[in-house]
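Which chain is which? The protein sequence lines are F and E, in order.
Start counting the first sequence at 1; every next residue gets the next number (this note's numbering).
Start counting the second sequence at 1; every next residue gets the next number (this note's numbering).
Treat the hints as calculated values from the structure; they're not laboratory data.
There's no promise every hint is true.
[Stated by the list, open to error] Covered stretches of chain E, going by a simulated chain F footprint (3 or more residues, C-beta under 8 angstroms):
(1) 42-52
(2) 57-71
(3) 101-112
[To be verified] Label pairs and their in silico Cβ distance ranges:
(4) F/86 / E/40: 26 to 36 angstroms
(5) E/26 / F/40: 50 to 60 angstroms
(6) E/119 / F/32: 17 to 27 angstroms
(7) E/110 / F/152: 37 to 47 angstroms
(8) E/196 / F/85: 14 to 24 angstroms
(9) E/205 / F/151: 22 to 32 angstroms
(10) F/73 / E/24: 11 to 21 angstroms
(11) F/216 / E/18: 19 to 29 angstroms
(12) E/173 / F/152: 34 to 44 angstroms
(13) F/158 / E/24: 41 to 51 angstroms
(14) F/121 / E/119: 51 to 61 angstroms
[Stated by the list, open to error] Partial list, computed: chain E residues near chain F (C-beta under 10 angstroms):
(15) 6
(16) 141
(17) 145
(18) 205
Keep in mind it's a predicted model, so treat the numbers as computed, not measured.
For glycine and all other residues, C-beta sits at the position ideal for the given N, C-alpha and C.
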Amino acid sequence: MMALLGRDLALALRSGGGFGLSLAFFLIVVVFVPFGVGPDTEVLARIAPGVLWIAALLSCLLSLDRIFQLDWEDGSLDALVMAPLPLEGVVAMKALAHWLTTGLPLTVIAPLLGVLLDLPGPAAPWVFLSLLVGTPALSLLGAFGAALTVGIRRGGLLLSLLVMPLYIPTLIFGALTASRAGEGLDFLTPFALLGGVTLLAAALIPFAAAAALRINLR
Amino acid sequence: MTALELAPYRDAAPLEVRDLACRRGERLILEGVEFSVPPGRALILRAPNGAGKTTLLRAVARLTPPVRGTISLSPERMTWFGHADGVKAQLTVTENLDFWARVHGSDTIAPALAAFRLEDLADRPAAYLSAGQRRRLGLARLLVARRPVWLLDEPTVSLDSATVATFARVVGAHLAAGGLALIATHIPLGLDEEDVLDVTPFRARENAERAHDPFLDAGFAPMAGARDGTAQDGETRP
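With the hints as extra help, turn the sequences into a complete structure.
Here is the structure:
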């Protein structure tokens with residue numbers, strides 16, 4: 001298991017991996033928003049948590065198809081299925097590797113980029129915490145979508161469409177947590193629901209994605 | 001060339017396949033496949049392209065669950081090696097092999113590197129290997145997995161004749177250690193312990209695929225059976 005995690009991290013960080021891509025995309029979206037919306041700090045402050053969350057979600061989508069597609073293409077997935085590892089564990093490790101290389105870096109730089117959007121001071125720690133709690137669900141749900149579409153050439157479009165509705169609860173609760181914290185309102189309810197979505201995904205997705213993989217390898 | 005010796009496999013058992021039917025996608029490709037491979041022997045699958053060699057190997061590996069039939073050994077005792085060799089271009093030769101060794105709980109990759117003459121390339125990223133070197137690295141996975149049944153689909157593609165001989169020696173050592181192998185290949189390996197099976201006679205009849213339509217299996221099986229006279233046994237006995 002740890003060998004698989006280590007290999008996937010190494011693959012993502014070396015040339016041709018998806019590591020820089022998501023981060024750069026996140027940076028570009030967040031930098032462009034003030035140019036598009038205009039320098040009105042009041043407007044920017046209001047939309048900042050939502051913009052950060054949407055940008056994080058889109059950056060996450062960008063690298064999802066790499067989770068299983070590359071392993072499928074070069075035959076490693078067949079070998080992994082035959083290996084003495086539970087396929088559910090393989091899915092969980094691959095989702096974890098995806099989160100460590102996309103969700104976690106996004107979470108870390110989001111409060112810094114919040115400065116560009118005039119993110120209210122009290123919201124900044126909650127943008128960080130909501131992303132920290134919410135982005136694992138994005139990687140897990142994405143792994144499920146990737147498992148469903150593995151083997152489809154140029155399956156990225158189908159994958160995005162499949163995963164989009166699954167991302168909506170996380171987006172709503174995540175952005176709500178951060179924006180309510182910025183306005184000084186109670187944010188614990190959406191924050192708890194955000195955590196609930198992630199825990200539910202962590203409990204169910206490995207089994208669902210493993211089942212989808214087994215069907216797709218036929 | 002030094003002789004290659006592998007540690008004997010524990011609890012060697014024959015691979016017996018009875019009445020196996022397998023499909024690719026929704027199409028039934030082979031049915032009634034029967035063969036038996038005792039430990040220490042290799043069975044070479046011969047047939048023209050598209051006859052179902054890969055499908056048969058994938059069914060034996062349970063990568064594609066068979067439609068029906070019995071296979072005596074569980075997939076935990078098998079290693080699969082297909083057209084794609086599972087080599088990651090961004091990792092070095094050692095890293096590639098080390099990963100599979102750790103997955104399979106082996107402690108050393110040195111014998112596998114030596115057997116396929118990869119020692120000099122150990123630190124080279126797999127992206128800079130030639131097709132044949134890459135193939136050898138893929139095949140080296142068989143040795144770190146340490147499983148008694150090898151399922152090999154066209155293992156000699158892009159190997160030169162010297163490497164084919166090296167590979168044949170590795171397979172020979174595997175057989176001598178009590179392992180067995182099922183190999184789909186067009187190139188004769190020249191093993192002493194090989195039998196040949198032609199899969200062409202097991203090709204499924206054209207109308208047989210209808211027998212495994214899930215809709216027919218569920219409710220309309222008796223009707224369909226009466227109409228076209230095919231067997232309705234859609235169950236898989238693993």
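Each hint tested on the structure:
Taking a C-beta to C-beta cut-off of 8 angstroms, the stretch 42-52 of chain E contributes 0 residues in contact with chain F, too few for the three needed, and the coverage statement is violated. Residues of the stretch 57-71 of chain E lying with their CB closer than 8 angstroms to a CB of chain F number 4, which satisfies the three-residue condition for coverage. Here's how the stretch 101-112 of chain E fares: 4 of its residues keep a CB closer than 8 angstroms to some CB of chain F, so the rule of at least three is met and the hint holds. Restraint check, residue 86 of chain F to residue 40 of chain E: a C-beta distance of roughly 32 angstroms satisfies the suggested window 26 to 36 angstroms.
Between residue 26 of chain E and residue 40 of chain F the beta carbons are some 58 angstroms apart, a value that agrees with the proposed interval 50 to 60 angstroms. Range check, residue 119 of chain E to residue 32 of chain F: about 52 angstroms between beta-carbon atoms, so the 17 to 27 angstroms window is missed. In this structure the hint that residue 110 of chain E and residue 152 of chain F lie 37 to 47 angstroms apart at CB holds, the actual value being about 40 angstroms. Between residue 196 of chain E and residue 85 of chain F the C-beta distance comes to about 35 angstroms, which lies outside the given range of 14 to 24 angstroms.
Against the hinted window of 22 to 32 angstroms, the Cβ-Cβ separation of residue 205 of chain E and residue 151 of chain F comes to about 28 angstroms, which satisfies the hint. Hint check: residue 73 of chain F to residue 24 of chain E, Cβ distance near 18 angstroms, so the stated range 11 to 21 angstroms holds. Judged by the Cβ atoms, the range 19 to 29 angstroms given for residue 216 of chain F and residue 18 of chain E holds: they are separated by roughly 28 angstroms. Distance hint check for residue 173 of chain E and residue 152 of chain F: the Cβ-Cβ separation is about 40 angstroms, which falls inside the suggested range of 34 to 44 angstroms.
With their beta carbons about 22 angstroms apart, residue 158 of chain F and residue 24 of chain E fall outside the hinted range of 41 to 51 angstroms. Between residue 121 of chain F and residue 119 of chain E the Cβ separation comes to about 60 angstroms, which falls inside the hinted range of 51 to 61 angstroms. Using the Cβ-Cβ criterion of 10 angstroms, the hint placing residue 6 of chain E at the interface with chain F is not satisfied: the shortest such distance is roughly 19 angstroms. For residue 141 of chain E, the shortest C-beta to C-beta distance to chain F is roughly 7 angstroms, which falls under 10 angstroms, so the interface hint holds.
Interface restraint check for residue 145 of chain E: the shortest CB-CB distance to chain F comes to about 8 angstroms, inside 10 angstroms, so the restraint holds. Here the hint on residue 205 of chain E is broken, as its CB sits about 21 angstroms from the closest CB of chain F, past 10 angstroms.
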